[in-house]
Amino acid sequence: MSHPLESRGRRLPFSFSALDPAVRREVVYLEASDTAQSFGILYLPPRHEPRTAVYLVHPRGEFTRHYVVPGLTARGYAVFGQNSRYLNNDTDMVHERLLLDIAAGMRWLRERGFERIVLLGNSGGGSLLAFYQSQASRPPAERLSSTPSGEPIDLAAEEMPPGDLYIAVAAHLGEGRFMLNVLDPSVTNESDPASYDPAWDMYNPENGYRPYPEPSRYDPAWLAEYRRRQRERSLRLDAIAREYLAEHAYFRGELRSDRFAALPPAARGLIARRARLGRYMVIYRTLANPAYLDPTIDPSRRPLGSIFSPGDPIIGNYGYGGLARVMTPRGWLSTWSGTSSQADLPDTIRHVTVPTLVVFADGDCDIFPSEQQEILEKSGAADKQLLTLEWADHYLNPVGDEGRKLADPRERLLDLIVPWIEARIGGP
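Here the sequence shown stands for residues 75 to 502, where the numbers follow our numbering.
What the hints contain is simulated information worked out from the structure, not anything from laboratory work. For clarity, every value in this text was computed on a predicted model and none was experimentally measured. Misleading hints may appear alongside valid ones.
[Claimed, not checked] Per label pair, the in silico range of CB-to-CB distance:
#1 E123 with P369: 28 to 38 Å
#2 P289 with A231: 45 to 55 Å
#3 R212 with T165: 27 to 37 Å
We put the CB at the ideal spot given by N, CA and C, even for glycine.
All chains should be built: construct the whole structure from the sequences, respecting the hints.
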């Protein structure tokens, strides 16, 4: 029987709509080594005790009902979907602290008795799990000891069980690398969201823009300079973040200094307030990737547009919400800055040496073929492979008439990854 959402042609982005009621569930509450709380759900086949668990997590997305659960449990696998401490809110997300959540989940799975753990990184989970694996596989003394904002993170003392296989499905290169492609470089004043330089506005018809759904065409030389200016804007935002952090550190230092008590009451009050003030960055116009509207840029089977905007991406670029709209300085530097984040998949994948499978959905509006090739080329695994899931979008829905002629992309995904897993570690 089809689920009502599916019968109307809709289904939830990352979640299954229906599950065999015989599948067993365990709700798991976890505490990281820094006392932060997270939780997950372990799914088990009805009558089989698997030795292999497939592990899923996303930086902020709800992954306890991931769409692979029904198919993998039907094939005899355990599936553990964990939600991080930053569920549905990345305003103050520090990626290095996410590793503590994953470590807690991985320790629990090992203690639960699973002999093998497959890291399945979907979308933003791809870069996050590669970040984790790249740290877990190093000697403790070689792990990161600080975040991009300079806060200490003691990964050397963390017990970090590594995964046995790594799979990336529709994975981008990390929030920071993603942001580098979508930052609007025509912004001239971060305090004025309407400010712009028309020469570098992808939504200016003089630069090749055509109203959606007509495709736009951007000159390659213009595009190269556009990309350079996107990086420049990221660096400007980094500088703002570091200025806020330095200001906060200065006043905290004054508050703790020996001379503080001798200051006049008004000065003490000012310092105390500034020492406690948490500044936020409001970042506008973060949906401006020319590849959304020009299909000749990194060609694939994707339709025009982005999953982050209804219709024309200009709506998402200027409207409410938006990627990284409100961020703490440390959250920006650790998560969304393409020039500071340490969760950069092309870098971390060099240190992922377990067998690696990259699955590219070639109808994905927001993930591009060259990025998937970059992951493959920079992977540190001797056993690595790139497979294409044809006519599938980011959420593994069929794309166009060709996609609708094929089996459900979510089922086709299982037909790709299950044989790959079994060829390397046997059955569940």
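Hints and how they fare:
Distance hint check: the CB atoms of E123 and P369 are about 49 Å apart, inconsistent with the given range 28 to 38 Å. Taking 45 to 55 Å as the suggested C-beta distance range, the pair P289 and A231 conforms, at roughly 53 Å. The supplied range of 27 to 37 Å is met by R212 and T165, whose beta-carbon atoms lie about 30 Å from each other.
The structure is inconsistent with hint 1 alone, although it conforms to all the rest.
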